[in-house]
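*Asks:* Listed here are the chains, written in short residue letters.
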Amino acid sequence: MSVDAWLLAEAPSSRRQARLGEAYRAWLAFRRKPLAMVGLVTILALLAVAAAAPLLATHSPIAQDLAARLLPPGTAGHLLGTDELGRDIWSRLVYGARITLVIVTMVVVLVAPLGLLVGCVAGYAGGWLDSTLMRVTDIFLAFPRLILALAFVAAIGPGIENAIIAIAITAWPPYARLARAETITIRESDFIAAARLQGASAARIVVRQVMPLCLSSVIVRVTLDMAGIILTAAGLGFLGLGAQPPAPEWGAMISSGRSYILDQWWVATMPGIAICVVSLGFNLLGDGLRDVLDPKQR
Amino acid sequence: MIEAEDLTVSFGRVAALRGVSFHVERGGSFGLVGESGSGKTTVLRVVAGLIPDWGGRLSLAGETVLARSPRRFHRRLQMVFQDPYGSLHPRHTVDRILAEPLAIHRLPDPERRIARALDDVGLGPAFRFRYPHQLSGGQRQRVAIARALVLEPEILLLDEPTSALDVSVQAEILKLLVRLKVERGLTTVLVSHNLAVVAMLCDRIAVMREGVVVEETSVSALREERVSHPYTRQLLAASRGYDPALARRDL
Amino acid sequence: MNPLLEVEDLHIGFRTDRGVIEAVRGISFAMGREKLGIVGESGSGKSVTGRAILRLLPENAAVVARRLVFDGLDLQKVGAREMRAIRGGRIGMVLQDPKFSLNPVMRVGGQIEEAARIHLGLSRKAARQRGLEMLEAVRIRDPERVFAAYPHELSGGMGQRVMIAIMLVAGPDLLIADEPTSALDVTVQMQVLAIMDELVTKRGMGLVFISHDLPLVASFCDRVLVMYRGEIVETCRADMLDKATHPYTKRLLEAVPVL
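Going down the list, the protein sequences come from chains A, B and C. With the first sequence counted from 1, adding 8 to any position gets you the numbering used here. Counted from 1, the second sequence has number 89 at position 98 by the numbering used here; the numbering is strictly sequential. With the third sequence counted from 1, adding 75 to any position gets you the numbering used here.
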């Protein structure tokens, strides 16, 4: 029996086969969407670049060479040119991919579970617990994201770790809202009633029945949010509150290139393009995932 | 086995149940018939403990049940719901759906129990690792029945278990329910809008309308049309198909 | 007598990612001004057949027939514009749940008036008059009140009567009713059937009654088509259904629980 037939079997014979088969079906549906595939390839490329940064970089990302400052793209040895301190922009972008990935991953690891938990608990419990949690969420939502992140960074000091914490603190409320809205529609369904009848505790129902159903919309929201997270991180970097020099963070690179934007356009433009491409990649990936993970759309 | 006296429930200002009493002896099967909004499903949900606030007295197997008290009857009472598409978790395989109640109650030997439950409802081991969306309506309802029976309850509540199914599938599910009821000596309460379905499974029925029982009678009396309430007569006439003379008179 | 509707060798397929799914495979029937029941279980193709006549199927549907003629008019040849005039004008359609077929933010009166103005070109005043007459025709006791009501203020049975009233405004020759009473309580069901019965008899309309409920169709219609997997397996007079010969029909009859 071929692998394909095994995966698509109408009657899987083990838990593992059923789970793999389900994932394979999702993949088949995903593969049919060209834009989503473009997004996936972009993100995989970003991962590859970040992993192979030392191999891809032609120079050290922080080594200065004042003799070779502000060289235009295409100059021998400097594919994308050099910045105001003579650092190779290509090498900085390649290493910057690591920073971007770290920020994005850390924010997601902090944000998604927190938002999911708050939202599911609030939605399932209802009553005073719901009101309290949602008012707290609303307070966070009431401030524009960048302003709130700025305030936090200003309070706890600049730096990449603090930027991550600040973004995470400002990013979770929409997830809580989303998870709560999903939970409320799920809460009244018969399979939850059946679980209650079997004697499942509230915690068990939230974790085992409700959360898996909210997870797909949270994953989709995360990928759609990635672009925003990257931009917020870049914004903080741009304002000098994120990664500190000489770290090659993309936002900070744009910020320092700003002074030369009219005469040496490439210094600010190259990291700008990188942010743009990666944000778009995450967006396309998220859009594709939404259709694939939602069983109603498949 | 089930004794309910003067059950009342209101949702906001709307009184859904206005004093419903009935009792079902051990091994008996009781039918609740009525149209939408008559309160028949609400009765079932009160007995199941799915509605927290209600008034009146309820005892199950001799034990008094109080409103808002934690329920200890889970293993002794289970329910099958109307909509086979909404009553199974869409991301769980049949295996997981059946394993979950066993895990909650830490019952020994889940492998054997799951296999047996599937076998009992006429689904072979081939269905064990399928997802609900890979099953037909009738197969899903069989899974829902297996889930209810895997805990070996004494009381089985059935909320319109066949109304979402095609006629030929309905007949199979009803046959299955009759067999399981006899084999396991279950006490059952069946809610339906269809008199013929109730008659197939129950010996006594209560006709409900607007939150009260308007008539309680036996199925044999129903068959012989020995009913007293005009509403019961109306239902009975409607269940015999369209009668132009009768329908025009009602207009 | 010229038949009102003639269907010959009707095929309906749906194009999907996994190829074409054949929903109806070459069915033929003809009907006059009578009550024709189409019975079948889910997936038999009965609803699709009703919708295909009015060209109400989604984009990915392919409808082919050797003949699809309504009152001398080849339905396969009429343009989109003409089809709109036929829909609701000469052929009406009533669907299962009035909740979804009525516009929730428009008063009932407005919806009936609209139908009258589109299909009959009546003035506002005349349209209102016509609408009230139709509500009376479906035995609504208090037409003025219902006229001013929003759909959510009506019960299911009332909503279905309104739906039928809207479909009757233009005085259609054929009414296609797809499970028109399945969402209703049994006692209300009988009233709605009685109204349709009366309309067919009085106005000499044809009625296609699509339903899964075999006993109901047998007691209500004049003639019955039994569909199974996209084919008509049995055609007979409704009162002769208990003498049906096809094994599927027999099986279906046996499956119906009886009191």
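FYI, nobody ran anything at the bench for these hints, they're computed from the structure. Take these hints with a grain of salt, some might be off.
[What the hints assert, rightly or not] With a straight-line Cα cutoff of 25 Å, these simulated SDA-like cross-link-like pairs (lysine to any residue) come out:
1. C:174 to C:108
2. C:277 to C:192
3. C:325 to B:165
4. C:318 to C:329
5. C:174 to C:146
6. C:174 to A:196
7. B:172 to A:204
8. A:41 to C:93
9. C:174 to B:165
10. A:41 to A:23
[Said to hold, decoys possible] Beyond 12 Å from chain B on every Cβ pair, some chain C residues (computed):
11. 83
12. 114
13. 142
14. 152
15. 159
16. 185
17. 192
18. 228
19. 261
20. 266
21. 270
22. 272
23. 273
24. 331
Built from N, CA and C at the ideal position, the CB exists for glycine as well.
*Asks:* Which hint numbers does the structure go against, in order from smallest to largest?
*Replies:* Result: hints 1, 5, 9, 10, 12, 19, 20, 21, 22, 23, 24 break, sorted rising.
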